[in-house]
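Undergrad: Using the hints, position chain B against chain A.
Protein sequence lines correspond, in order, to chains A and B. The first sequence begins at 12 in my numbering and counts up one residue at a time. The second sequence begins at 425 in my numbering and counts up one residue at a time.
I should point out that these hints are in silico values taken from the structure, not numbers from a laboratory. Quick caveat, the model's predicted, so the values are computed rather than measured. Please note: incorrect hints may appear among the correct ones.
Calculated pairs, DMTMM-like style, for lysine to aspartate or glutamate (alpha carbon to alpha carbon, straight line, at most 25 angstroms) [unchecked claim]:
#, chain 1, residue 1, chain 2, residue 2
1, B, Lys-466, A, Asp-230
2, A, Lys-69, B, Asp-451
3, A, Lys-139, B, Glu-470
4, B, Lys-434, A, Asp-95
5, B, Lys-466, A, Asp-66
6, A, Lys-69, B, Glu-443
7, A, Lys-80, B, Asp-462
8, A, Lys-79, B, Asp-451
9, A, Lys-79, B, Glu-443
10, B, Lys-466, A, Glu-159
11, A, Lys-256, A, Asp-230
12, A, Lys-80, A, Glu-267
13, B, Lys-434, A, Glu-159
14, B, Lys-434, A, Asp-66
15, A, Lys-69, B, Glu-458
16, A, Lys-132, B, Asp-451
17, B, Lys-466, A, Asp-94
18, B, Lys-434, A, Glu-236
Now the in silico label distances, taken between C-beta atoms and shown as ranges [what the hints assert, rightly or not]:
#, chain 1, residue 1, chain 2, residue 2, range
19, A, Lys-79, B, Gly-431, 30 to 40 angstroms
20, A, Tyr-91, B, Ser-475, 27 to 37 angstroms
21, A, Ser-39, B, Pro-433, 26 to 36 angstroms
22, B, Leu-461, A, Ala-233, 42 to 52 angstroms
Beta carbons are placed, not taken as given, at the ideal position from N, Cα and C, and that holds for glycine.
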Amino acid sequence: MSNTTDKLVIAGREFSSRLMVGTGKYASNEQMVRAIEASGAEIITVAVRRVNITDRTKESLLDFIDTKKYTLLPNTAGCYTADDAVRTCRLAREAGMSDMVKLEVLGDENTLFPDNEELLKAARILVKEGFTVLPYTSDDPIVCKKLEEIGCAAVMPLGAPIGSGLGIRNPYNIRIILDTVKVPVIVDAGVGTASDAAIAMELGVDGVLMNTGIAGAKDPIAMAEAMNLAVRAGRLAYRAGRIPKKLYATASSPIEGMIG
Amino acid sequence: MEIIVNGEPKAITPMSVLELLASLDIDPRRVAVELNLDILPKGDYETTRLSGGDRLEIVHFVGGG
Numbered sequence: 012m013s014n015t016t017d018k019l020v021i022a023g024r025e026f027s028s029r030l031m032v033g034t035g036k037y038a039s040n041e042q043m044v045r046a047i048e049a050s051g052a053e054i055i056t057v058a059v060r061r062v063n064i065t066d067r068t069k070e071s072l073l074d075f076i077d078t079k080k081y082t083l084l085p086n087t088a089g090c091y092t093a094d095d096a097v098r099t100c101r102l103a104r105e106a107g108m109s110d111m112v113k114l115e116v117l118g119d120e121n122t123l124f125p126d127n128e129e130l131l132k133a134a135r136i137l138v139k140e141g142f143t144v145l146p147y148t149s150d151d152p153i154v155c156k157k158l159e160e161i162g163c164a165a166v167m168p169l170g171a172p173i174g175s176g177l178g179i180r181n182p183y184n185i186r187i188i189l190d191t192v193k194v195p196v197i198v199d200a201g202v203g204t205a206s207d208a209a210i211a212m213e214l215g216v217d218g219v220l221m222n223t224g225i226a227g228a229k230d231p232i233a234m235a236e237a238m239n240l241a242v243r244a245g246r247l248a249y250r251a252g253r254i255p256k257k258l259y260a261t262a263s264s265p266i267e268g269m270i271g
Numbered sequence: 425m426e427i428i429v430n431g432e433p434k435a436i437t438p439m440s441v442l443e444l445l446a447s448l449d450i451d452p453r454r455v456a457v458e459l460n461l462d463i464l465p466k467g468d469y470e471t472t473r474l475s476g477g478d479r480l481e482i483v484h485f486v487g488g489g
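Next up, chain A with everything else stripped away, as it sits in the complex (with noise of 0.2 angstroms):
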């Protein structure tokens, strides 16, 4: 069973890898590049800031990524109104020419959870235009469904909160999301470690979407590739099927032939 046959298909377009990184929180843009390249990653999300017009010193990000190799998926990190969230599609569209967003309408500073409310005021107006939405949402079900019917071309389920590196919090919620909806399922945020990658994976998920959890750690390259490893063990398994769970053994070698 190999992963070369085993594609990631999100709007009709195809990719190899079933891990998304981020590009926020490193040491350095070389840092930066050297762990999107140890990941494997063929997605790679940005944010819509603001350009400092008094220091125009700083490096830009793009000279730093090549936008023929990764495909750039474009935030709305920050965002916390719909009409925000549809401003920052709007102009992120127009930076990088491409109608593929990461939908995120946050309801709280503390938890950055999602306000599903504004979420999914905000991708029927970005469906309308034309936007392929990917929104981060909470392991809700029927938010999930609700985002589906309105047309958008996967949901992002949180594993826990953004940033916290506490695992897939609610498994359950993320099997059933798999249950309701079609289009591709994506874990996004939470992941801390790759064993937390390897069971979002081993539950079915299309895929899982992190930065803090490579960039936060200790030496982000090898993490890195320590996720990719992750992400491609779990999908494997998942696909191998795993044996059912029994409270009690079962030998493994043969009882019969037995000396004595």
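TA: Just chain B now, with coordinates in the frame of chain A:
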């Protein structure tokens, strides 16, 4: 005249958006511009003249998750 660029007032002489970007040392290919809440397509930078009181947002991509 005065315009608002990224939330800050800025005094300028009459000019186009493209000229403003050049004066700010900004590569027009790397940014998106919103003029009075509407997206300004890149092809319109050269022909769009700024007026007093215009509100511009000039954004680009930065690291994010």
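Undergrad: For each hint, tell me whether it holds in the structure or not.
TA: We went through each hint and held it up to the structure:
no.	hint	verdict
1	Lys-466/B with Asp-230/A	40 angstroms, violated
2	Lys-69/A with Asp-451/B	13 angstroms, holds
3	Lys-139/A with Glu-470/B	29 angstroms, violated
4	Lys-434/B with Asp-95/A	24 angstroms, holds
5	Lys-466/B with Asp-66/A	23 angstroms, holds
6	Lys-69/A with Glu-443/B	21 angstroms, holds
7	Lys-80/A with Asp-462/B	31 angstroms, violated
8	Lys-79/A with Asp-451/B	19 angstroms, holds
9	Lys-79/A with Glu-443/B	29 angstroms, violated
10	Lys-466/B with Glu-159/A	32 angstroms, violated
11	Lys-256/A with Asp-230/A	35 angstroms, violated
12	Lys-80/A with Glu-267/A	57 angstroms, violated
13	Lys-434/B with Glu-159/A	44 angstroms, violated
14	Lys-434/B with Asp-66/A	15 angstroms, holds
15	Lys-69/A with Glu-458/B	22 angstroms, holds
16	Lys-132/A with Asp-451/B	34 angstroms, violated
17	Lys-466/B with Asp-94/A	22 angstroms, holds
18	Lys-434/B with Glu-236/A	47 angstroms, violated
19	Lys-79/A with Gly-431/B: 30 to 40 angstroms	34 angstroms, holds
20	Tyr-91/A with Ser-475/B: 27 to 37 angstroms	31 angstroms, holds
21	Ser-39/A with Pro-433/B: 26 to 36 angstroms	34 angstroms, holds
22	Leu-461/B with Ala-233/A: 42 to 52 angstroms	45 angstroms, holds
Checked against the numbered hints given earlier, this structure breaks hints 1, 3, 7, 9, 10, 11, 12, 13, 16, 18; the rest are met.
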